[in-house]
Every structure is written in structure tokens, then in C-alpha cells.
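There are 2 protein chains.
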Amino acid sequence: MSALAGAWLSGCANTCPDSTATVVPQPAPASPQPVATTGFEQLQGFCDGIEPVGERELEARRERARKLLVDTKLAALVVEAGPTHGYFAPTPWRRSERPLLMVLPARGAPVWVGPAFEQGRLNERLGEVELFTWEEDVSPYTRVAQALRKLNVATSGRVAVDPDARGFIFAGLRNALGKARVVMGGEVVDGCRMVKSPTELARLRRANEATKAALRAAAARLEPGMREDEFAELVGQAQREAGLQDIWSLVLFGPNASFPHGTHERRQLREGDLVLVDTGGSLHGYRSDITRTWACGKVDDSLRRAWDTVLQAQSAALTQIRPGVACADVDKAARTVISEAGYGAGFTRFTHRLGHGIGLQVHEAPYLRPNNPRVLQPGMTMSNEPGIYEQGRYGVRIEDIVAVTDSGVEVFGPRALSLEQPFGA
Amino acid sequence: MSALAGAWLSGCANTCPDSTATVVPQPAPASPQPVATTGFEQLQGFCDGIEPVGERELEARRERARKLLVDTKLAALVVEAGPTHGYFAPTPWRRSERPLLMVLPARGAPVWVGPAFEQGRLNERLGEVELFTWEEDVSPYTRVAQALRKLNVATSGRVAVDPDARGFIFAGLRNALGKARVVMGGEVVDGCRMVKSPTELARLRRANEATKAALRAAAARLEPGMREDEFAELVGQAQREAGLQDIWSLVLFGPNASFPHGTHERRQLREGDLVLVDTGGSLHGYRSDITRTWACGKVDDSLRRAWDTVLQAQSAALTQIRPGVACADVDKAARTVISEAGYGAGFTRFTHRLGHGIGLQVHEAPYLRPNNPRVLQPGMTMSNEPGIYEQGRYGVRIEDIVAVTDSGVEVFGPRALSLEQPFGA
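Chains as they are written, first to last, in the numbering used here: chain R, 1 to 425; chain C, 1 to 425.
Chain R extracted, bound-state conformation:
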């Protein structure tokens, strides 16, 4: 119940007591922090000066959603707690069997439908909004129907629902509103979230620049004999010093970067290994996602050739990224380079799509993959990350985050230049 707002909750990721079903996990109990310096102090302040999301920005997002609703003749958008909810109203709220739903009408302010016993906490977190609460013996979905009536939405008005909402919520809404009125809201949601504002771009730019600077600083301290987990810790420390949060790091040495079946070793770096690091964090909720591959000492010519091919593929994709080009065609530009270099067609050795959109989530629309007809627009942001994987031998991937501009593309932070200059000049 609402008591939790003022209380102390430890642990709790997927588990919560009945009364705390929607409480956001707090950090684990303080463990002793190492007081030693990290050696990455030069990165401090890297993310300074970037603004968090404010109310004006949120209202602009909702206004864009309303416009898209009107344009597509939809009466309202329903979003359950989750990433899209966070986009429109940054209220941390964990999904549980008790749904929290935002109802945004095509005209007017959004209202929320949530559990009555959480009213205190909801008011505290959502601010002065209209809240339709349901007691435990009432269906949340009949409250959505009531909210729509109060918002003067016609009883024939179609309601778009975030496709990320769970199936039982769709079923409940269909039951309460009538089957025909409930439609998938993907185009409204993606239409908002895919196109970033200048302030969103500033956050994504800085976050990805910070990860690149941190990775470069950490790489300077990588030595043969170091284990994957040890280096991942360094990569994390450097990003924390640079001001990022929610840091994850994938570190792969030598054949571990290819396609290993079943090994769980934490490999130590050896001369002749390729190092592949895929890492990122967040700045005011906006994500970074950077991959670099480089050599420890002298590597086999076949590894160098794969590296050069991946960079060429990335460059080929980059020349395609501009307004009006289909996602599939960008993927194709990279895939063709790799295929024509003799690494096989399709997904043979470049086993995944070229890239994914990025924003509040590391993966979001648009997706750069074959058969995706979606057309790029200014303000879209995405990864450009071709790769070549030779099972049991090596893996190469080079990943930048880019933004579509009015006339072309911007790469956030320096590109890789060569196997000798993987972090740029």
C-alpha cells in the first residue's frame, strides 16, 4: 500500500509483498565501497551540463501523441507501466498483476487508472493528475471505460493500446470497451518515441561520447593475462567516473567472441587475441551502446581482414543513413560488403541485423534489418553495428550510435579508424 512511499524497502526485483506490488526496487543495502581511486578521475564531469527531462518536454511528447491520434482517427492511447509510460510520464512503477494505465485522449490531458490502495503513492509520483482508482473488487477496465466517457470520448471511438502491454490487459479492455474499439497502438507509440527532440539527442550524444571516452581510457590499461571479468570491471569504473548509470559490459577475448557452445570460462587475454567489448550506460535515462574490437599484440591476417571488412560494411551503411531511405536498404549496404568479401550471403557470418533504434531503451524502433520497409526520418537514432563471427575462432563487431539529420547522418563520438586506431585518431 501507499505506506511504502515513506518506508524503506530493500532488495525486491521480481519479488514483492502483496502490498508492495508496484514499488520500485531500491538499491541494495550499502556494501562497503572501495575508497581507492579508480585512475579514471580525468573522466569526471564528462556528462555535466546535460538536462534531465522536464515537464515542458513531457507535454510536447503528449501533444505529438495527440496529433498522431487525430491523424489516424483514434480516440485515445492506453499505456501500461513500462518504458512507453516512462516516456510520457517518468513515474517509476513496476508491472504487477494490478495494472497502472495512462489514458491519453486525442484532445485533453491524460488521466490515470490505478489501484485505490496505491492512491497516496500515485498522487505523490504523478503530481496533480486525474486518477480513476479501482478497489480490489472492481475491474480496472470498467474504470478505463468510465474514464473515457468522462473525457467525452465517443462510445464508438477506437482506443490504441501500447503493443508492449500484456495480453490480459488487451483482453480486459476488449471486454470492457467492446472488441472492435481496441486496436494496436504501435504507430502512435513508435511515431512519438522514434523521433528524438534536440534535448533527447543531446543526452544520447553525450552518453555515447562518454562510453567511447571511458572505453578508450580503460583499454589503455588492458594487459595480457587480465581476465574478461577484470576488464569489464575497469570498463564499468571508467563509465561511472564519466557520469553514466545503469552500466553493462560484455567483454570477450579471442574465440569467446565467436560462437562458443557451453564454455563458461572467464578467459585471460593472450597475445594474438582480438578483444571485443560491447558496453553502455545511461544519462538521464538515455542509453549508450558502443562496441569496439581491437588486437592484443600481433593478430593473424585473417582477423585483420575481417576487421577491415566490418569497418567497410559500417561505412557503407553510414552512406545510406539519411531521411527517406528504408531501414532494409541500410542493412543491405552493410550486408553486401560482407557478402562480397567472401564471408557468405545473408546471415551466414554476419548473423544479426545491422542495428536497432535507441533512446530510453537500448533496443527500440526503428530496426535496421532486411525486409523492414520503415523509412528513416530526421531525429531517429540507431546503432550501426555490423559483425563477422567465425565459430570457435574470432568475432569482430564495430558499433556506433548515429542520428539521422535533416540531410544525412551524425555519428556520436569518434569512429574507429583502423585495427591500430580502434578509438579514432
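Keep in mind that the hints were calculated from the coordinates and are not lab data.
Each hint should be verified, as a subset may be incorrect.
When chains are identical, the list treats them as one kind, so a pair holds in a single copy or across two.
[Stated by the list, open to error] Keeping only pairs whose Cα atoms sit at most 25 angstroms apart, straight-line, the calculated SDA-like set for lysine to any residue is:
#1 K67 with F168
#2 K332 with Q377
#3 K179 with N371
#4 K179 with G157
#5 K332 with P373
#6 K73 with G172
#7 K179 with R158
#8 K332 with G379
#9 K332 with W134
Just so we're clear, the structure is a prediction, and the values are computed from it rather than from any experiment.
On the provided structure of chain R, position chain C as indicated by the hints.
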């Protein structure tokens, strides 16, 4: 990609690189562990001798699902990664935009539909199963249709989908299979998961006994002046010593247990406060969830009266829990006691449902709430947790986990006896 199976990944909860979309987070880099003793060493070994889930148990679950499918004239069950997937096949797999789907036909072994570039990791984790992979340019849902044909499911056969699956998965399946064939699979899923086997009961029993023993041990060290977060840390230590994992703790002192708007203080315990602790952990994935309320020193008579009323309400509910009784009637038994004691009708001061099912999730079916006609069956497990909350003054809740037996009910661990003996005799 599959490379991750053998690699080292740090961080990463909701964030992951493109190629690691479905990697399960690893523990954070080792932070210095306190070497001091906890003082709870007497709890070590408490959870010994309890078996983890084995293949025979999993097959029995799938067989039960097949029976329910046949009984309800359904051709197959589709489950996406998540808690229900974990029930049928304990493969940790994080949800991403790329679905992993189990397809269990009414007759025969289940098959899986997953991303091609994850094949190595899927084989490694799922074992020798039939896998229908999709490359990034192919719809996963057409692969489900192909899998169903291969499984000799008639093209008219209706397919039940786990209601917890996300909306876009329902939409994709409707598109690939035809609208009429896709139905909500709640009754099949709940019909399996709600009824616990003896081995599941053994895990739940021991987990909840362990939490009670740990809470009792921690309470012996609670003193005036201690902060809520400090005591939560003790409660967590004791449960870890007892052998539980995934521990969460909610600790509320005095008025913080009621309905505070906006306070984020970490209150220090004072004489005259009620202490409310709601906490739990997991044993081989099975959850505990226990609440105890007790007094620090002498408390006001009105608090004592609320405490006694809550215990009476819990006892009244307990007398109703047996096969054949509706969930709503169990809730009513407790609510009536609280209402007749003058605390208001309905949800006035007992602001939430009486209880929730518990198993692999802390909250799962069945739910003890008004208007729920579901009838109790032997093997169901649930919380029995009435409460009274007086805004700004106090909160009382007493929670046990119980199992429905062939003829009545079993309470896991000792019940609260009185305000002086909140942990039993």
C-alpha cells in the same frame, strides 16, 4: 549472439547490447564482502535437504498442461519467456523485442521458436529440444505456424496463449494463424501453476519457515534508535544465513506503516511504535512472504486492539480455507471481522485484498478478494494477510502462507499468538 554463453557480462538489467538482448544478467562485479560474522550463524543449514526442480517434475507439469488442453479442446499452448515459461522449462531468458516462444501441443513434446543467432545458447540452455529458429528478416509467428503444422495440429485447432505474453505477440500470432485460432490461455496456465505438487509444497513450506525463523532471530536484535534500513539489513542477513536468495524486506516503524504522503525519512525506532516487517526470499525459485507486526515497548491500547482484531480476522479466514470454498468467501470472513470491530466496511481501513497465490512468483493466482468466484482446491497456496491502517498513526498486518490440503489448510511455520508473542510460542 551466442558468444555470450561463454563470456563475461556485467550489469545489464533492462539494458543490453543488440547482440545480447536475451542474456540473463550476471551478478555485478564482486564488491568487497564484509568478513564480519552476522550473528545469525545458527540459521545455517535451515534450507538443506530441499530438492531443486528436476526433469521428471517438469514433464509432469507439461503433462498436466496437455490434459487441460485436451479437456478444453485446445490444440496447443504458447508461452513467451517469463515466469510461466520458467515453470515449464527453467531456462533463464530475458524478454526482449525478439520473442522466445514455447509451443506445447496437446499431444507430444514441446518445441521452441527463437532467434537463429541465439541457437547456440538456446541449445545449451534448453537441452535436446526441437528448435524452430527465425532469421532477423523472418516473422517469428510464421515459424509458430510452421511448427504447429509439423506437430500435426489441425489448421482449425485453437491455440491458447499465456495472458502474460505481450500484446504484440498476440497480434503477431493472430496475424499468422488467423484471428479465431488465438485464445487467452489463462485457465490452462493457472490450472497448472495454481495447484502445487508435493515437492513444490516442500519448497514453499521450508522457504516460509526459514523467513519466519530469520525474522524472529533478527527481531531479537531490534532496539530503539535503530533505523528502518538498518533493521532491514539485519532481516536480510538472517534470511541469507538461513539459505534464502532474492531477499526483499519492507520495514516500517510507527506511523510509516499507515499511509504516509510524501515522507521519505528512514525513521528511527521509538518506544511506543509498532514495527511492521513484510519480507521474503526464495528457495529453488519458490517464494516466501511473511509479515509480522509487533510492539516496541508499551503501545497505545488502540494499537493493541487493532492488532488483536487483525489476528482474529486472520483466524476467521483460516477457518474458511478448505477445498470447495470460493476465494471471495475467504476474503469476506476476514473483512467481516474487521468491519464488525468498527473499522469500517469494505476497504475503509483494510485497504487491500486478503491474499494472493504464491509459488514461483510472490503474486500469482488464486487471489483472495471480493467478487472472485474461484473455488479452492487441494495444493493451492496463498497468503492470508489482513491489515488495518489508520492514516498517519499506525499500520498492522499479519501474514502467513498457507496451503489448501485435502480436507482443510496447513499454515507454513508458527502463527502469531499475541502482541507479546508475534512469532508464536
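Status of the hints after comparison with the structure:
1. Taking the shortest alpha-carbon separations for K67 and F168, only the inter-copy value of 23 angstroms comes in at or below 25 angstroms, while the best intra-copy value is 28 angstroms.
2. Only within a single protomer do K332 and Q377 lie at most 25 angstroms apart by alpha-carbon distance; the minimum there is 18 angstroms, versus 57 angstroms between protomers.
3. Taking identical chains as interchangeable, the C-alpha atoms of K179 and N371 lie at most 25 angstroms apart only when they sit on different chains, with a minimum of 24 angstroms there against 31 angstroms within one chain.
4. For the identical chains of this complex, K179 and G157 are neighbours both inside a copy (12 angstroms) and across copies (22 angstroms), given an alpha-carbon limit of 25 angstroms.
5. Taking the shortest alpha-carbon separations for K332 and P373, only the intra-copy value of 12 angstroms comes in at or below 25 angstroms, while the best inter-copy value is 56 angstroms.
6. Within a single copy, K73 and G172 get their C-alpha atoms as close as 22 angstroms, and across copies as close as 23 angstroms, so both meet the 25 angstroms cut-off.
7. Both within a single protomer and between protomers do K179 and R158 lie at most 25 angstroms apart by alpha-carbon distance, with minima of 10 angstroms and 19 angstroms respectively.
8. Within a single copy, K332 and G379 get their C-alpha atoms as close as 22 angstroms, which meets the 25 angstroms cut-off; across copies the closest is 55 angstroms, which misses it.
9. Taking CA atoms no more than 25 angstroms apart as the test, K332 paired with W134 passes between copies only; the shortest distance there is 18 angstroms, against 50 angstroms inside one copy.
The earlier numbered hints are all upheld by this structure, with none contradicted.
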